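Asks: Chains as they are written, first to last, in my numbering: chain A, 1 to 860; chain B, 1 to 57.
Keep in mind that the hints were calculated from the coordinates and are not lab data. What you are looking at is a predicted structure, and each value in this text was computed from that prediction instead of being measured. Glycine included, each C-beta is placed from N, C-alpha and C at the ideal position. Mixed in with the good hints, there may be bad ones.
Stated by the list, open to error - Restricting the straight-line Cα-Cα distance to at most 20 Å, the calculated cross-link-like pairs of lysine to any residue (SDA-like) are:
no., chain 1, residue 1, chain 2, residue 2
1, A, K172, B, P37
2, A, K338, A, I219
3, A, K217, B, S38
4, A, K338, B, D44
5, A, K338, B, S38
6, A, K217, B, L23
7, A, K338, B, T36
8, A, K217, B, I39
9, A, K100, B, T36
10, A, K172, B, I39
11, A, K124, A, K338
Unchecked claim - For the chain B half of the interface with chain A, some residues (derived, Cβ under 10 Å), not all of them:
no., residue
12, Y5
13, I6
14, A10
15, G16
16, L19
17, F22
18, R27
19, L42
As the list claims (entries may be wrong) - Reference listing, derived: stretches of chain A covered by chain B, where coverage requires no fewer than 3 residues with Cβ under 8 Å from a Cβ of chain B:
no., region
20, 169-178
21, 226-232
These are the residues of each chain, in order.
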Amino acid sequence: MIRIINFVVRKAQFWDRVRIEKKPGNLDNAREKMMEKADLYTHTPEENLVEETCYHCSLPCEDTAIRYDSKAFCCSGCQAVYSILKEKDLCAYYRLPDAKGNSPDRNYYKGKYQYLDLPEIKQKVVSFSENGITQVNWYIPSMHCSSCIWLLENLHKLHDGVSAALVDFPEKTVRISIRDEAIKLSELAGLMSSVGYEPYISLNDLEGKKTSRFDRKRIYKIGIAGFAFGNIMFMGLSDYFTIIGSTGLGSETEAVFGAISILLSLPVFFYCSSDFFVSAWKAIKNRQLNIDAPIALAILVTFVRSLFEIASQTGSGYLDSMTGIVFFMLIGRYFQDKSYSLISFDRDYKSFFPVAVSVMKNGIESQMQISEIEPGDRLRIRSSEMIPCDGRLVSETAAIDYSFVSGESAPVTKTMNEQVYAGGKISGASIELEATKKVAQSYLTGLWNNDVFTQARDEEESRLTSFINRYFTIAVFLIGSVSWIYWAWAGDFKRGFDAMTTVWIIACPCALLLSDTFTNGNLLAIFRRNGLYLKNAHILEKLSGIKKVVFDKTGTLTLPDAAEVRFKGYPLTPAEKGMIAEVSKQSVHPLSRLVREFLERQAAESGVFSVSGLKQYKEQAGGGLEAVCGSVTVRLGSGRWVGEAGDGGEEVRTSRVYIAFDGVVRGFFEVESKYREGLKETVRLLDKDGIDACMLSGDKPTDIVFLADVFGGEDRLSFSRTPQDKLDFVRQLQGSNREAVMMLGDGLNDAGALMQSDVGVAVSDNINNFTPASDAILEGSCLKDIGAFVRLAAAGRRIVTGSFGISVIYNIVGLYFAVQGELKPVVAAILMPASSISIILFTTLMSRLKARQLMKVKNL
Amino acid sequence: MSAIYILIAAGLLIAGGFLFVFLWAVRSGQFDDDITPSIRILFDDEEPADTAKNNSG
Chain A
1 MIRIINFVVR KAQFWDRVRI EKKPGNLDNA REKMMEKADL YTHTPEENLV EETCYHCSLP
61 CEDTAIRYDS KAFCCSGCQA VYSILKEKDL CAYYRLPDAK GNSPDRNYYK GKYQYLDLPE
121 IKQKVVSFSE NGITQVNWYI PSMHCSSCIW LLENLHKLHD GVSAALVDFP EKTVRISIRD
181 EAIKLSELAG LMSSVGYEPY ISLNDLEGKK TSRFDRKRIY KIGIAGFAFG NIMFMGLSDY
241 FTIIGSTGLG SETEAVFGAI SILLSLPVFF YCSSDFFVSA WKAIKNRQLN IDAPIALAIL
301 VTFVRSLFEI ASQTGSGYLD SMTGIVFFML IGRYFQDKSY SLISFDRDYK SFFPVAVSVM
361 KNGIESQMQI SEIEPGDRLR IRSSEMIPCD GRLVSETAAI DYSFVSGESA PVTKTMNEQV
421 YAGGKISGAS IELEATKKVA QSYLTGLWNN DVFTQARDEE ESRLTSFINR YFTIAVFLIG
481 SVSWIYWAWA GDFKRGFDAM TTVWIIACPC ALLLSDTFTN GNLLAIFRRN GLYLKNAHIL
541 EKLSGIKKVV FDKTGTLTLP DAAEVRFKGY PLTPAEKGMI AEVSKQSVHP LSRLVREFLE
601 RQAAESGVFS VSGLKQYKEQ AGGGLEAVCG SVTVRLGSGR WVGEAGDGGE EVRTSRVYIA
661 FDGVVRGFFE VESKYREGLK ETVRLLDKDG IDACMLSGDK PTDIVFLADV FGGEDRLSFS
721 RTPQDKLDFV RQLQGSNREA VMMLGDGLND AGALMQSDVG VAVSDNINNF TPASDAILEG
781 SCLKDIGAFV RLAAAGRRIV TGSFGISVIY NIVGLYFAVQ GELKPVVAAI LMPASSISII
841 LFTTLMSRLK ARQLMKVKNL
Chain B
1 MSAIYILIAA GLLIAGGFLF VFLWAVRSGQ FDDDITPSIR ILFDDEEPAD TAKNNSG
């Protein structure tokens, strides 16, 4: 036993050493030692390689672990966070369960947040500033677990200037109070970035568009309605137990009870149910009927009739039923709102753009709000920052990644004096450019001037509820009137009046409202747990009627940042591989990055390549790279660039990187995008349900054979579409008979199509990343479930119909008494809550059952 | 039957007291975030809990 442990320990020590030695400069040395030791142990290196995870972020350390304080870190960023926390004695962070730190943003640079100290910006980002105390409420997208809460709330230990911090985890915000003389806002933002919690500050914040999801008024209303409901029932108890005859209380006591009931019901009628009246009035003003209209009518009639009965001492009224339905309906609405996702869906370009940029004036760099950029200003844009406005390049070259705008993943190389457009991200070195247009007038921001963005989408009532409104309301009116006419005919006007009003009371469609809100609430929660976040409950109904689905390719069907690389040709020696890796390191082109990563992975498995110095490096846009390595000229790039003759139409199907040494072509690396799993099954499932699927890409045609197999024919694929083309394509699919189209996309180039489609779904591998405006956000890994989501949404509609059936049964029972004018308050007081509760139970159980059948769900 | 008036008054007073406490709790922000406090309570802290003030607005 001891021997085994000893062996394991030795093995661990050995691999630790190898990892350290594998840093640049030690490469040869490490490889030699590895070979030596590998012989000593009769294991192959692969078998020995125990996956080691970073102490800070828990990600695998790959081949370049950093040792510090006898712990392994995947990168210097993680190690830096650890050393900050250790210094401040905050290592309890790592002892919390599920602790998984954030690696700080590598592109962070000193002074990034300097703009926060500009008075006009500061004034907009702080929520409160007085007597040297400033309070900010910042959104922290990277907050994800309980240890995040712990660390953020212990921010005062990291810096004396922070006096308090309070996290709101569901909203992912932290409210921080700081002392102005001890810490500046820019320093605070820098401090948070240094431990991996970078605040997200966007232009939308600056423009004061703060929407609070939470309305305390709603809870006040529930509390008051519940209080009134309980106490009015208490007053009515004597009534309930004396179904025949009088209560035996005497008229004086009855009058007191009635008066107290009226007093208790006043706040419910005037305050708690105001939402229903306001909403109904708004609809009637627009010559429409919404579901709140019959509800408001029922509340009004119940209240007035109860007042009349109590005042005339002819009965005890239905105030208990009235407060009861208001109480249940308010709870239903609260539940539905609560289950809405807390993600922001309405993002326009302002959410993507930085707040401020660096402006060069007379060689001095300063920060400026981007809305203040004037044509002629010189801007400095750093790596992975976004170009905020159209401009002319001043630096010699720039590699710009326009994937966000066009969907094309390869960066574009621009040279001095060329025009660059807003929305591109800089990859590689920082650049300078001269603004030619203001931000709001740039090409990209112009996309938001399209009609689909400016047109307010009317939040139409769902089809089912509007159907009910039309026929149900009319039917109720008819039954009420008929029973009035019947009793009036018989000469009993009082009874006729009683019958008519009780029909209106009992037929209040509150059960329908409840079944709608509870089914939607349950489904939204189920969807959220399965990775689909819907903007609101209306989307559920649209989702259930989808006829066509359009997929974007890059980032939606493919996995971002993952590709399969294969080498085809004459085998390469380790030295040659090293040369290729070294040359490809010089370029920011994604293909060369993929080739380099592929070779580095190989190196990690089979040993390290020796690399000699590079000379005469050059890169030609659209061609490839060339460099002299030792005495060998290495060329990497397209077939034309290396001089490969047979470079024909075949190349468009996969991306190839050809290799040539001293002009002799050795073969090519085949780079294939990795597609998400289960695409074919997904499309087949949609097809089974009669839903057409097709693909729409902004990219050039690739992987046609594979995609045609997935979608069932090449005619389902379209390539090289501009954002405007995509929008038109969706509009054309919808056709004249407005067939419901769902669009799934990820980039800004899909933004127009997402808006035009009936259900626009933004696909994202990290839901906290910023996605274009959409109706729903889908986690990339859940794309394969899209067919099941549509089915579940359709099942949801059936559940609403079914629970409506249940409420109709209750209504018929109630109406049986009502048309005779003999609805006892006790019957109403039993029927109303009983129907509400059975509907809540039915919808909850049914939606869970359906979800279990359809989603094969995790943790329901 | 006069005893019942006293009982009703007492009952309403107690119920009203609970309503008042509930409204006060909502007003002081205790219902704004019902997830974070449930996590926060599990931290073993070496020092008294945060003195972060509530938003009482």
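Asks: For each hint, tell me whether it holds in the structure or not.
Replies: These are the hints, each one checked on the structure:
1. A:K172 - B:P37: holds, 14 Å
2. A:K338 - A:I219: holds, 12 Å
3. A:K217 - B:S38: violated, 23 Å
4. A:K338 - B:D44: Violated, at about 30 Å.
5. A:K338 - B:S38: holds, 17 Å
6. A:K217 - B:L23: Holds, because 10 Å separates the two Cα atoms, which is no more than 20 Å.
7. A:K338 - B:T36: Holds. A:K338 to B:T36 sits at ~15 Å (cutoff 20 Å).
8. A:K217 - B:I39: violated, 26 Å
9. A:K100 - B:T36: Holds - the C-alpha atoms of B:T36 and A:K100 are around 17 Å apart, at most 20 Å.
10. A:K172 - B:I39: Roughly 14 Å separates the two Cα atoms, so the pair holds.
11. A:K124 - A:K338: Violated. A:K124 to A:K338 sits at ~29 Å, over the 20 Å cutoff.
12. Y5: holds, 7 Å
13. I6: violated, 12 Å
14. A10: B:A10 check fails; min Cβ-Cβ to chain A is 12 Å, beyond 10 Å.
15. G16: Check passed: Cβ of B:G16 comes within 8 Å of chain A, closer than 10 Å.
16. L19: B:L19 check passes; min Cβ-Cβ to chain A is 4 Å, inside 10 Å.
17. F22: Status holds, d = 5 Å.
18. R27: holds, 7 Å
19. L42: Constraint on B:L42 satisfied, holds at 7 Å.
20. 169-178: holds (count 5)
21. 226-232: holds (count 3)
Hints 3, 4, 8, 11, 13, 14 from the list above are not met by this structure, while the remaining hints are.
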